[in-house]
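Start from the sequences and build out the full structure, keeping to the hints where you can.
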Amino acid sequence: MAGMALNSDTPNTKKASSLIYDPKARGIFYQVLTVALLVLFVWTIAQNTIHNLQRANIASGFGFLNGRAGFDIGQSLIAYSSDSTYGRALVVGILNTLQVAIIGIITASIIGFIVGIARLSNNWLIAKLAQVYVEVFRNIPPLLVIFFWYKGVLTILPQARDSLNLPLGSYLNNRGLFVPKPIWGDGTWMMLVAILIAVIATIVIARWAKQRQMRTGQPFHTVWTGIALIVGLPLVTFVALGSPVTFDFPIAGKFNLTGGSVLGPEFMSLYLALSFYTAAFIAEIVRAGIRSVPKGQTEAANALGLRSAAVTRLIVLPQALRIIIPPLTSQYLNLTKNSSLAVAVGFADVVAIGGTMLNQTGQAVEIVALWLVIYLSISVSTAIFMNWFNAKMALVER
Amino acid sequence: MKTTLLSAAIGAAVLGLASAASAATLDDVKSKGFVTCGVSAGIPGFSNPDDKGEWTGIDVDYCRGIAAAVFGDAKKAKFVPLSSKDRFPALQSGEVDVLTRNTTWTISRDTSLGFNFRTVNYYDGQGFIVKKSLNVKSAMELSGAAVCVQTGTTTELNLADYFKSNNLQYNPVVFEKEADATTAYDSGRCDVYTTDQSGLYAIRLKMKNPDENMVLPEVISKEPLGPAVRQGDDKWFDIVSWVHYAMVNAEEFDINSKNIDEKKASGGPDIKRMLGAEDGGKIGTDLGLTNEWAYNIVKMVGNYGEVFDRNVGPSSPLKIERGLNALWNKGGLQYAPPIR
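Going down the list, the sequences are from chains A and B. Residues in the first sequence are numbered from 155 upward in steps of one, following my numbering. Residues in the second sequence are numbered from 8 upward in steps of one, following my numbering.
Hints listed in this document are in silico derivations from the structure and should not be mistaken for laboratory results. Fair warning: there could be bad hints in the mix.
From the structure, some residues in chain B lie toward chain A, with a derived Cβ separation under 7 Å [to be verified]:
{"no.": "1", "residue": "M147"}
{"no.": "2", "residue": "G151"}
{"no.": "3", "residue": "T158"}
{"no.": "4", "residue": "N178"}
{"no.": "5", "residue": "P179"}
{"no.": "6", "residue": "R196"}
Under the rule of at most 30 Å between Cα atoms (straight-line distance), these lysine-lysine pairs were calculated in the DSS-like manner [to be verified]:
{"no.": "7", "chain 1": "B", "residue 1": "K144", "chain 2": "B", "residue 2": "K213"}
{"no.": "8", "chain 1": "A", "residue 1": "K305", "chain 2": "B", "residue 2": "K39"}
{"no.": "9", "chain 1": "A", "residue 1": "K491", "chain 2": "B", "residue 2": "K184"}
{"no.": "10", "chain 1": "A", "residue 1": "K408", "chain 2": "B", "residue 2": "K279"}
{"no.": "11", "chain 1": "A", "residue 1": "K408", "chain 2": "B", "residue 2": "K213"}
{"no.": "12", "chain 1": "A", "residue 1": "K408", "chain 2": "A", "residue 2": "K335"}
{"no.": "13", "chain 1": "B", "residue 1": "K39", "chain 2": "B", "residue 2": "K59"}
{"no.": "14", "chain 1": "B", "residue 1": "K139", "chain 2": "A", "residue 2": "K408"}
{"no.": "15", "chain 1": "B", "residue 1": "K171", "chain 2": "A", "residue 2": "K408"}
{"no.": "16", "chain 1": "B", "residue 1": "K59", "chain 2": "B", "residue 2": "K171"}
{"no.": "17", "chain 1": "B", "residue 1": "K184", "chain 2": "A", "residue 2": "K408"}
{"no.": "18", "chain 1": "B", "residue 1": "K37", "chain 2": "B", "residue 2": "K83"}
{"no.": "19", "chain 1": "B", "residue 1": "K138", "chain 2": "A", "residue 2": "K408"}
{"no.": "20", "chain 1": "A", "residue 1": "K305", "chain 2": "B", "residue 2": "K184"}
{"no.": "21", "chain 1": "B", "residue 1": "K184", "chain 2": "B", "residue 2": "K139"}
{"no.": "22", "chain 1": "B", "residue 1": "K83", "chain 2": "A", "residue 2": "K305"}
{"no.": "23", "chain 1": "B", "residue 1": "K37", "chain 2": "B", "residue 2": "K138"}
{"no.": "24", "chain 1": "A", "residue 1": "K305", "chain 2": "A", "residue 2": "K491"}
{"no.": "25", "chain 1": "B", "residue 1": "K215", "chain 2": "A", "residue 2": "K305"}
{"no.": "26", "chain 1": "A", "residue 1": "K408", "chain 2": "B", "residue 2": "K83"}
{"no.": "27", "chain 1": "A", "residue 1": "K305", "chain 2": "B", "residue 2": "K59"}
{"no.": "28", "chain 1": "B", "residue 1": "K289", "chain 2": "B", "residue 2": "K39"}
{"no.": "29", "chain 1": "B", "residue 1": "K171", "chain 2": "A", "residue 2": "K335"}
{"no.": "30", "chain 1": "A", "residue 1": "K305", "chain 2": "B", "residue 2": "K213"}
{"no.": "31", "chain 1": "B", "residue 1": "K326", "chain 2": "B", "residue 2": "K215"}
Glycine included, C-beta positions come from ideal geometry on N, C-alpha and C.
Pasting the structure below:
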């Protein structure tokens, strides 16, 4: 290299040839080339699509979102009627997707952790039952699990006119679970304030307790204090306000029960199916995570005289979580994405509502794009949160 | 900008076939050797595979009529079953040459979706079916009912409009597939199922106990069902339209698949002109086809009356009356421009 540079007469050729052989310059060149090709590819596709749309006389753009939707939606968390806009209909769909995803994730995590720990149980029966659960749900496509719950619910539950009478004024029939709907009276906001105060107080106490334990070695029952605060403070407020709540009970109407809150079979079947299905995977992840903690850690903790609950909570779980969290994130993302199977049972998620919009307006390209953006946003947000949680849980090297 | 690019990228996927489906659909159809029709996944009487797996129905016969006109062979038709949601992208992208799928002709489909409609092969209207045990005699008594409906249809919109304008409450339960919606109704998830009346009679036959269900008298909408083609190909549009008109004219002239040869030999000048037996006639070639186009349609598929009778009328399990679908000179709306 040095000899070559010495022999060359003109500085120009020297520079050019060294650029060609410079691995750094080459690297940049290939990267620029890749980006250029990618841009060209996307641009060609965009041009082609716009051209095709124009030739087919198809109107395009997102203006249709301001138009009147004209169709009704069975399940909605916000006020919606056929007079609302397409945009609002889409929001209803997004909220329904988020609702089933969030509740599903919580339930799946709880079932998954229980089953995962049960698989490691010394009790033969419990371990085998957990294994059967995992193998059954892990090996059935989620769509079939949804159908199982939906068709099962519809055929086994009684017809609307012979509803099952449950305690506390609730009813169950093949139209769903009807529960009394609380109507909050004056001063309800004070209970929310009480909850907020309790949460803040718990956090402060937890910090103080940790510092004290570091300093003096004295443990403090943070968990029990926290529970007492978070449950107790709102309860005291509630009683002090004179129990400002009334209930709207479901009553038998002409066709079905009216009034109260309804959990429809569409939502229930989707929610149960997604929870049970994903829980099987989470159970395996939890089991693997716990198994990955070397036995020496437990033995060392025992040798130090820690009780078995403390060993699990302070030694095993923190180390296991580091293994568990990254694959757990993908399961959460899977659950969210699988919620798009709602279409099969008529639950009004974002795909079902988008599909209706697609048909009424014919804006296929725009709506498919919206779907992608929505799912991408939900998934990326979940991933960001889980990555933050992972970083917090990761082993801090000293 | 990001969304524009993204939507464009998806568009390319959605419309990937669009470049293949050029303006000259007739040439494409001829070169591939068959016509591709989008049909429903199974509505008895309209498009439904029979127990041998053969497609039957008036929409299917419309498609066979097009094949007969183009190729002189009614068998050169391929059927693509489409859900109500998939049907429009399938036609837009060129996956099907024509949509013969009990599709309601509306202005928005005619304009913003980029389709063309002209003929109506079945005049329908939306109705309701309920369980007899509910003791409901009129749709006005349906306030508070759970209604099963198929998504992406004019039905869904008519339903919302009807209940709103009559100040009735209802709880929609929406399904993507017609079969799912009817199963849900049949198993008691809904009190009411709503779709076009022809569909209600067809679906009633598939239920566990057909006699326990009744169709309510109200017809709440106009549903002119007909074939749709892409805009911008007038030649293909003409062919698709005139296939229907040829069938209707044939019925008007009393020409059917059995007596057609006799009529061709002995009929008046208008019949001879239509069937391509006129000397020097070039109606068929002007259409881009052969002069036997109409003869082939009627010979191989039948006239409109035969097709109706066989699929939805007295000779079918549906037993639907001609009603609005009778010829114009018999009190109905089926009217075809003259072939001359």
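**Prompt:** Is the Cα-Cα distance between K171 (chain B) and K408 (chain A) 30 Å or less?
**Reply:** holds (19 Å)
**Message:** For a C-alpha distance cap of 30 Å, please report whether K305 (chain A) and K59 (chain B) respect it.
**Reply:** holds (29 Å)
**Prompt:** For the pair supplied as a hint, K408 (chain A) and K279 (chain B), is the alpha-carbon distance within the 30 Å limit?
**Reply:** violated (63 Å)
**Message:** Check the hint pairing K144 (chain B) with K213 (chain B) against an upper bound of 30 Å on the C-alpha distance.
**Reply:** Between K144 (chain B) and K213 (chain B) the Cα gap is close to 22 Å, so the pair holds against 30 Å.
**Item:** Restraint check for K305 (chain A) with K491 (chain A), where alpha carbons must lie at most 30 Å apart
**Value:** The hint holds at about 22 Å.
**Request:** Decide if the proposed pair is consistent with the structure: K408 (chain A) and K83 (chain B), CA atoms, cutoff 30 Å inclusive.
**Result:** violated (53 Å)
**K39 (chain B) paired with K59 (chain B) [C-alpha distance capped at 30 Å]** = With a Cα-Cα distance of about 26 Å, the restraint between K39 (chain B) and K59 (chain B) holds, given a limit of 30 Å.
**Request:** Would you settle whether the hint for T158 (chain B) is holds or violated, based on the nearest Cβ-Cβ distance to chain A being less than 7 Å?
**Result:** With Cβ-Cβ at 5 Å, under 7 Å, it holds.
**Asked** Between K59 (chain B) and K171 (chain B), is the straight-line Cα distance small enough, at 30 Å or below?
**Response** This hinted pair is violated, its Cα atoms lying about 44 Å apart.
**Asked** CA of K289 (chain B) to CA of K39 (chain B), is that 30 Å or under?
**Response** holds (25 Å)
**Message:** What's the verdict on K184 (chain B) and K408 (chain A), does the C-alpha distance respect the 30 Å limit or exceed it?
**Reply:** Cα-Cα ~28 Å, so holds.
**Asked** With a cut-off of 7 Å, does the beta carbon of P179 (chain B) approach a beta carbon of chain A closely enough for the hint to hold?
**Response** Holds. Min distance 5 Å.
Hints 1, 8, 10, 16, 22, 23, 26 from the earlier list are contradicted by this structure; the remaining hints agree with it.
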